[in-house]
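Listed in order, the protein sequences are those of chains G and C.
The first sequence begins at 1 in full-length UniProt numbering and counts up by one.
The second sequence begins at 1 in full-length UniProt numbering and counts up by one.
The set of hints was computed from the structure by calculation and includes no laboratory data.
Bear in mind that the values here come from a model prediction, so they are computed numbers and not experimental data.
Note that beta-carbon positions come from the ideal geometry of N, C-alpha and C, so glycine has one too.
Among the hints, a few may not be true.
[To be verified] A few chain G residues that face chain C, going by a derived Cβ cut-off under 7 Å, partial list only:
hint : residue
1    : M35
2    : E58
3    : A63
4    : I66
5    : A69
6    : L70
7    : I77
8    : N90
9    : I91
10   : V93
11   : S98
12   : T108
13   : S110
14   : F113
15   : A116
16   : G144
[Unchecked claim] Listed next, the in silico EDC-like pairs over lysine to aspartate or glutamate satisfying Cα-Cα at most 16 Å (straight line):
hint : chain 1 : residue 1 : chain 2 : residue 2
17   : G       : K7        : G       : E49
18   : C       : K21       : G       : E11
19   : C       : K36       : G       : E71
20   : C       : K142      : C       : E94
21   : C       : K81       : G       : E58
22   : G       : K21       : C       : D89
23   : G       : K101      : G       : E58
24   : C       : K112      : G       : E11
25   : G       : K112      : C       : E11
26   : G       : K81       : G       : E58
27   : C       : K21       : C       : D6
28   : C       : K21       : C       : E190
Protein chains: 2
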Amino acid sequence: MKLLKDKVMAEGIVLGNQVLKVDSFLNHQMDPVLMKEVGAEFARRFGGEGITKVLTIESSGIAPAIMTALELGVPMIFARKHQSLTLKDNIYVEKVYSFTKRETNEITVSKKFLRADDRVLIVDDFLANGEAAFGLARVVEKAGAAVAGIGIVIEKSFQPGARLLTEAGYRVESLVRIASLEDGAVAFVEDAPNHSCD
Amino acid sequence: MKLLKDKVMAEGIVLGNQVLKVDSFLNHQMDPVLMKEVGAEFARRFGGEGITKVLTIESSGIAPAIMTALELGVPMIFARKHQSLTLKDNIYVEKVYSFTKRETNEITVSKKFLRADDRVLIVDDFLANGEAAFGLARVVEKAGAAVAGIGIVIEKSFQPGARLLTEAGYRVESLVRIASLEDGAVAFVEDAPNHSCD
């Protein structure tokens, strides 16, 4: 997705070899026009999948997910990372480890919002090790519903999440795929040297 | 806002005399069409205020805020409740007490996203005691910027937040105002008995 790639190039800040900081348009300050375009693109890619719900996890997933849900004409659900006082019964709970924050969160989704006949599109801002996406997928499957796809805004393809999710049988669509953050530079998957065709 | 009032009547669940659970369309599952309408309504009400940024706080504020920002054509910023590893320097920090969760959070906003010439619209899902809104306003004012208004999706008018914010000089616009949750029923401010006109 060119608009997103341009934004990553213009505003993304590489920290070490692992972290891409995109807090000017995705993780803290958000660009609403870009979020709308992201939603339209996910809706285009997953439009044929019969999606009935979009599921994400607080907080940075919410904006792309609500735009996707608007385009698809379905409700959006965001999983919570901590239980609230008003939401303690009848929930699905999954443990999700965050490598970035080095902590394990319990993510929760109220049982009443997922039904066995739902076809769920999981949307998240980043895909690295796949912990959050797998956790959300387990929630969907506990409900007896189907994971119709996983839409990711920025995939760090040098980490194993995309491969693991694909091997597990999920359809993963990432709008931008990053091959490397080495030497302080963003290299996209498309820019990486191809395998030899000799 | 009639659409929102209808939704509160149809799906809101009253817990005790203080808590209105709206997790089917605002706090957990979200209705994207309603969020779009909420954004359009805030943009209509605050369109003449020269807004340059929309500021909210994670997580339930994000969807109405991104829709408002899209309508106004400005960036949105969401304050974080916990500091992340990639966002630790150059931040404004304010303590905010949550009566619902009975805990004090530190809310943080990166300094680089607020400038002295910004006119900021604060958006949040609920207004009760006003703690979050005041915390966000303090952040804006620390940056030397102006709070151009405060847009609230659901105001619990029987709690003091709206009055305190108005007395402090802020323009508060709430799309739905709840006079009481007593006896398990939602009473809107417009439905409350008027003062005698005798």
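*Which numbered hints are broken by the structure, listed smallest first?*
8, 9, 10, 11, 12, 15, 16, 17, 18 and 28
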